[in-house]
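Asks: Sequence lines, in order, name chains B and X. In this text, residue positions in the first sequence follow the working numbering: the first is 1, and each later residue adds one. In this text, residue positions in the second sequence follow the working numbering: the first is 1, and each later residue adds one.
The hints are simulated quantities; they were obtained by calculation from the structure and are not laboratory data. It is possible that some hints are incorrect.
Said to hold, decoys possible - Covered by chain B, per the in silico footprint, the following chain X stretches (three or more residues, Cβ under 8 Å): (1) 7 to 16; (2) 49 to 63; (3) 83 to 90.
Said to hold, decoys possible - Derived list of chain B stretches under chain X, where covered just means 3 residues or more per stretch with a C-beta under 8 Å from a C-beta of chain X: (4) 103 to 112; (5) 194 to 204; (6) 221 to 231; (7) 289 to 296; (8) 348 to 355.
Even for Gly, the Cβ is constructed at its ideal location relative to N, Cα and C.
Next come the chains, spelled out residue by residue.
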Amino acid sequence: MTTYRDLLSRTKAEISEIDARTAQALDGAAWVDVREADEWQEGHLPGAVHVPRGNLESRIENVVPDKTQPVVLYCASAARSAFAAKTLEELGYTDVHSLAGGFTDWKRNGLEIVLPRTLSPEKRTRYSRHLLIPEIGEEGQLRLLDSRVLLIGAGGLGSPASLYLAAAGVGTLGIIDADIVDETNLQRQIAHSLDTLGTPKVESAKRTINALNPDVDVVTYRERLTSENIDRILADGWDLILDGADNFPTRYLVNDASVWHRLPVVHGSIYRFEGQVTVFKPFEGPCYRCLFPEPPPPELAPSCSEGGVLGVLPGIIGSLQTNEAIKLVAGIGDPLVGRLLLFDALSTEFNEVRIERNPECPVCGDHPTITSYIDYVEFCQR
Amino acid sequence: MSVVRVPPVLRAEAGGAREVEASGSTLRELLEDLASRLPALGSHVYGEGEIRSFVNVYVDGEDVRTREGLDTPVRESSTVILLPAMAGGR
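Given the sequences, and given the hints that come with them, work out the whole structure.
Replies: Printed below as a string of C-alpha cells:
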C-alpha cells in the first residue's frame, strides 16, 4: 500500500527541486504559485502568477504557452509544487522545477514578497466571470476598477459603451453631453428610458449606470465639448477617451487634444447600416487627421439625425469600442491601432483596412503645423 | 472588372448600389472608367486628375496614399473601397 509520504518522496525523486538562489538564476523563468486563493492573498513571490493546483492542467498552457520556457513552481512547502511539476512534465514541459522549502522558507529567509491588493467578497462574486479568464483575472479586474474612461457623448455609441464599461467594473466614467433625452433617442440610446425623457442625458445615463453598478463613480459634464473646456475636463485625469461624438468639429477637437495630452482614443462612428471602429494611440499609430485629413463637404456628411441609423448599429459599434477600451485598460490583446474596422449591418460583413501614421500630419507628424486649438467649426465648413 | 464599394453617403449617385464595377489596370484608369459610367459618383471621388482630399481609397485593404496613389495597380479580383469620414455617433 502506497502512503502519501511514499508518493511524495517518489515524486520528489522524479522531478527537479531547486533552492531559491538556483531558481533566481534561471533566465526568463515563469514563476507559478500553485497554492489556493487565500494563501496567495496573504502574500506571494514577486512576478509570480497564480494558478491553483486544481486548475493547473487546464490553465497552464495559457499562462506558459512555450513548453521549453523554464518554470519554477512553488507552494507553501514544496509538496504540492512537486506533484505539480510532475504534471507539467507529463504535459510536455521540459524545464520544470519545484522550489525547495516553498513560500514558507522564502519568507523565513527574508526574501522579497508581494502583498496583493485583493477584491472584496462582493466584488469577487460580481466580477467572477472576469476572474475566471486567465488574461484578466484579479490583476486585470483591479486595473479595470482603477481605470478612468472619458466618454464623449451619452447617445447611440455612449449608451452601450457606458453600460458595458460600468458592468465591467471600470472605476470612473466621465460623460460629456449637453443634450436632453427625447423620444427619438429611445430607438437606440439604451442608457435612457421613458422615465428620463426631458432630463439631461448625463443624469439619465448616470442613473442607469449606477442602477447597474453602484460602485462606478460617474463624473458628469453637462456641456458641449469645446476648445475652451476640453483642457479643464482632461485635467481631471483619464486613461482613455471613447469617442461617440456626432459631428466633425468635435471629432477633430478630440483628436488634437488627445494627441497633445497623449491619450488613446477609441473611435467609433455610424451612419445608417455602417460603422467604423479604430483606436488612435498617439505616436504609436495614426491619429484621426492622418486617417481623414479633411472632413467631407457638408452635403456628404449627414448626421444620423439627418440620414438615420439602424437602432442596433450603435449597439454593435459601441460594444466593439468597449472591447477595445477594456483591452487597453487591462493591457491585453491587440488593440485596433493602425487598423480601421468597417462593419456593414446589411450584409453582416466586417472589413479591415490598414491605416498608417502620416509623417506630414499637421498634428502628430514630424513637423506639426497645428499646435494649439483652432476654430473647428470653421475648419469643418471650408 | 474590379468591385468598387460605394459608401452610404454616395449611394444616391450610384443609383442606390452598394457595389459597382469598374475596370482599369491602375487606380487612375479605374476611377476614370467609374467617372464615365457614373459621372455623379465619379466627380465626388475624383476630379482634376486627383482623388478628392476628403475621400480615402483602399485597394485590397491598403490605403493608396501609402502605395502608389493613382498609379496603384488594380487587379480584376481587387476590391476598391471608397471611404469618406463619417461623424455620426448618436
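Asks: If a hint holds in the structure, say so; if it does not, say that too.
Replies: Do the hints match the structure? See the list:
For the segment 7 to 16 of chain X, the stated coverage by chain B is satisfied: 4 residues place a CB nearer than 8 Å to a CB of that chain, which reaches the threshold of 3. With a threshold of 8 Å between beta carbons, the proposed coverage of the segment 49 to 63 of chain X by chain B holds, since 8 of its residues qualify and at least three are required. Under the rule that three or more residues need a Cβ within less than 8 Å of chain B, the assignment of the segment 83 to 90 of chain X holds, with 8 such residues. Only when three residues or more bring their CB closer than 8 Å to a CB of chain X does the claim for the segment 103 to 112 of chain B stand; here the count is 0, and the claim is violated.
With 0 residues bearing a CB less than 8 Å from a CB of chain X, the segment 194 to 204 of chain B misses the requirement of three and the coverage assertion fails. Counting residues of the segment 221 to 231 of chain B whose C-beta sits closer than 8 Å to any C-beta of chain X gives 0, which falls short of three, so the coverage hint is violated. With a cut-off of 8 Å between beta carbons, the segment 289 to 296 of chain B has 6 residues touching chain X; three or more are needed, and the interface restraint holds. Counting residues of the segment 348 to 355 of chain B whose C-beta sits closer than 8 Å to any C-beta of chain X gives 5, which meets the bar of three, so the coverage hint holds.
When each numbered hint is compared with the structure, violations occur for hints 4, 5, 6.
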